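**Student:** With the hints as constraints, model all of the structure from the sequences given.
Heads up: the protein sequence lines correspond to chains A and B, in order. Note that our numbering numbers the first sequence so that position 120 is 123, with each residue one more than the last. Note that our numbering numbers the second sequence so that position 146 is 203, with each residue one more than the last.
I should point out that these hints are in silico values taken from the structure, not numbers from a laboratory.
Take a look, some chain B residues computed to stay more than 10 Å from chain A by CB distance:
1. Asn65
2. Ser90
3. Phe119
4. Leu208
5. Ile218
6. Asp234
7. Val407
8. Asp632
9. Lys666
10. Val702
11. Ala703
12. Ala704
13. Ser750
14. His796
Each pair of labels, with its calculated beta carbon distance range:
15. A:Ile67 <-> B:Arg680: 37 to 47 Å
16. B:Phe520 <-> A:Ala20: 26 to 36 Å
17. B:Leu402 <-> A:Lys58: 37 to 47 Å
18. A:Ala20 <-> B:Asn538: 18 to 28 Å
19. B:Leu752 <-> A:Glu36: 50 to 60 Å
20. B:Ala629 <-> A:Ile67: 30 to 40 Å
21. A:Glu36 <-> B:Lys230: 40 to 50 Å
22. B:Phe520 <-> A:Ala18: 26 to 36 Å
23. B:Phe119 <-> A:Lys58: 47 to 57 Å
24. A:Ala20 <-> B:Ile72: 48 to 58 Å
25. B:Glu754 <-> A:Ile64: 36 to 46 Å
26. B:Asn538 <-> A:Ile67: 32 to 42 Å
27. A:Ile67 <-> B:Lys238: 31 to 41 Å
28. A:Ala16 <-> B:Pro625: 53 to 63 Å
Quantities reported herein were computed from a predicted structural model and do not represent experimental measurements. All residues carry an ideal CB built from backbone N, CA and C; glycine is no exception.
In case you want the letters, here they are:
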Amino acid sequence: MKKTHIIAIVAIAAAIAIIISTAGDASTYVTFEQAFQMASQGNKKDIHVVGELKKDAAGHIVGIEKSADNLSFSFILVDDNRREQIVYYQEPIPPDFAKSEKVVVIGSYHGDKFIADKILLKCPSKYQEQKLNARV
Amino acid sequence: MHHYFIGNLGHFFVIASLVTALVASFSYWRATSSATLNASEWLINGRTAFALHSISVVGIVFALFLIIYGHYFEYHYAYAHSSLHLPGQYMISCFWEGQEGSFLLWMFWQAAIGIILIITQKQWEAPAMTIFSLVQAFLASMILGVVIPGLELKIGSSPFILLRDAMPDPIFKMQPDFIPKDGNGLNPLLQNYWMVIHPPTLFLGFALTLVPFSFCMAGLWLRKYTEWIQPALPWTLVGGAILGLGILMGGYWAYETLSFGGYWNWDPVENAVYIPWLVQIASLHTMITWRSSKMALRLTMGLVIAVFILILYSTFLTRSGILGDASVHSFTDLGLSGQLLIYLLFFTFVSIWLMALRWKDMPVNAKEVETYSKEFWIFLGAAILCLMGFQVLVPTSIPVYNKIVELFGIRSNLAPPADQLAFYSRFQLWFAVLLSIVSGTAQYYWWGKLEAGEWKKKLMGPFLLTLVLFALILVIARITNPVYMALLLASLYLIISNARILLTVTRKNPGLSGGGIAHIGVGLMFVGILFSSGYSKVVSLNNTGLLYNREMGDEFNRDNLLLFVNEPRTMADYDIEFLGERYEIRSGSGYVKKSDVESTQDPFRVTAKRDIQYAGRLLYHARDTFEIFPENTYYEIQLRKGEQVAATLYPRIQLNPSMGGFLASPDIRRGLASDIYTSVSAPMNRESEPEWSPLEEQNVKIGKEFFVNDYVAVLESVERVYSIQGFKLSPDDAAVVAHIRIRAEHEDYYADPVFLIRNKSEVGRLPFEIGELGARLTLLNIHPDSDEFTIGINTRQKDWVIIKAFEKPYINILWLGTGILMVGFVVATRRRYKEY
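**Tutor:** Given below as structure tokens:
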């Protein structure tokens, strides 16, 4: 066999290993119910949950609680199956948190507490300008 | 008044650029494939069309610039990306804040390169420019902004669209000719000198990948399988240098401006340019190998094509909105996803089809590659580079898999790895180790074949030197992590073996030293990355023994330092002290205390309450009005060693609605051995009213001392004023202001509370707050009979800030390595250009 073929075969083997490993390390988008099941089965991997902030009938966001020194907070996230969950986040409240349309939390259950390591916000303002600037 | 002409002109140029690009491509195609007689006429046609195309592109740029420069806010582009207050040097950055402008920049570079090709490449002009012009046509279609009637199909997004057409705001129904007075402004994050030069560099890098691709396609088309490599090689070298430089500039900008604590975050946007660059470097090496030993032609062609396709793929990823949830960067979907996909798929299929068509016809070198030959090591290196790229490509494309699976009606819930930094580093680190070993060894084979027994003799010296250096660094830097040891050893080997070769080669011919220099640069970069990232250390440790917050995790409490104004703490051998909040003066002459200025009706202008000094110089007199950056708050933090001031840092918080509200930017104390990187992790919340102590009253006379929150204060004078904060008072009003001086740790603070009688009867009091001292003073009453004044005092916690600081050891080695890599590229390009 040619040496170049050996390099090629080793490279292909490495590529396959990379794909398998990525599949193993990839996180998943799940609902809170699935996340809870995973955690209770001992799966400690971080997962993504997409949801919206809980709102009352008048459309006001409810359930945001910040700590006394503003350095951490918790909020209620409603996932796609309408399940509500209190999420704890150990960073200050992002300023436009309340304006976000959708929130992606990356984290996992610790007991029955969901602790987020990272939060991604999808804000309408990031994607389009809605109104003209009032400075006229 | 609407300036319709300039927009119409711009739009005309856009259409002209598309038509001329298509004509150029067609003419060059005819020139390539028709009989010799006709060919020269078609060639002239092609040249003329491309020249007209270039003029059109310059025309578009010019028209768009006039719109931005003239503040024609009736145009969406000027409204959305500029404003009256935008400093002149950043107007050029408006181009690439919008997607249309960045397509334009890309087109501009390619037009410029196309002209150079036409002038210099007589032999390859016609076939290469056929491909080249076709790519230009695709780009022009992205900014076309034409709706095909009947089909309601919109092609491209024009930068010359009017605001009233772009934004369906009700005001346009009432006033169709409405023009806003001011624009939304350029994202303050982009108002940075790196953002003036980073995007053009990156897009020049993108544009340069088109040259080898066009030559390669031309070679396949004309069955000149080997001749294209020589002219394409210098272009690939320049492309590799520019693209690499562009990527690293982006990293440097992120290090300076974003506060995620480093220069590389494995964000999809970063990955999308990193992957093609790795493959480009691989293709560069196989091209050089082909020049010397005529091997691996198919591989070289495949790699050159892959680079261009990966550039298109990265464009698709970052601009189609497909990354949506996966990236923290904000992407606007201009509705071009379909068009981008066609662009990507068209060139993918054409190149694969042409490759397949010519596969059997291509010359194959049957020579066996020996283990002890340079080819073997080069191919190994190229394979590692490609795998490195592949490892990043697979997870970065996860959103694409989800979309594809969705097309078949299956819901996929795959998400990118949760901890990207750890995930990518784990692989890339070992690839770097392999790459170092392979390229360190390859250099020896490159400059002379080593026989089986000989390598011991030749490699022994460098290897011993490597081990000695390794041991030394190990002891000095106390490296104990075995993975880091492996990377350190491998990169030292890379540096030293290349240095050894460099010595020999330079003695013979300095012009050949490019490769050696570039490899030393890479080795240094690896060492720099190893130290600055691997040994990045949090130095802002909470040494007060206090828990900031019981509910919070240990990590936040450990890694963040709470600083009250004027209360020193210790951090990493320094005394650190927060001195207060500052504004930056727009002229760039320094910073000013927030409490020393008074706002005016224009948010960009403030009035000095007293003489403004900065760094020992008097900048403004009291009552002077000057401009500031109102969106930025700087936190002045002093680092001291003993009594000596080591550094004054100004980390920043920026109000930036388009980037999610507020943004922290670090300030970096640069040192030869390490940087101290400081950023604000939590500023004081100004929105909720702080808790004040109950009002305490004091009756004082002028010149008398009293206490304010444990500081000594003195009432210096009281005077009548006729205007307050820029508002003139009416003759029926009367106002007096008290001037109170408070002696604090380092300097005096001043409070100027106002006592006001309006319309001869209503009493008003304007208290004065000094956040730095946690005090609010009110002039409560005036007693003319006893010459006394009643001062009301409330106190609260002093202003504070929570910071996080890292030490980044030896990060300068990374920047030094980058510089050396670029020098290597320049030397190598000169050599290949001369050969050619």
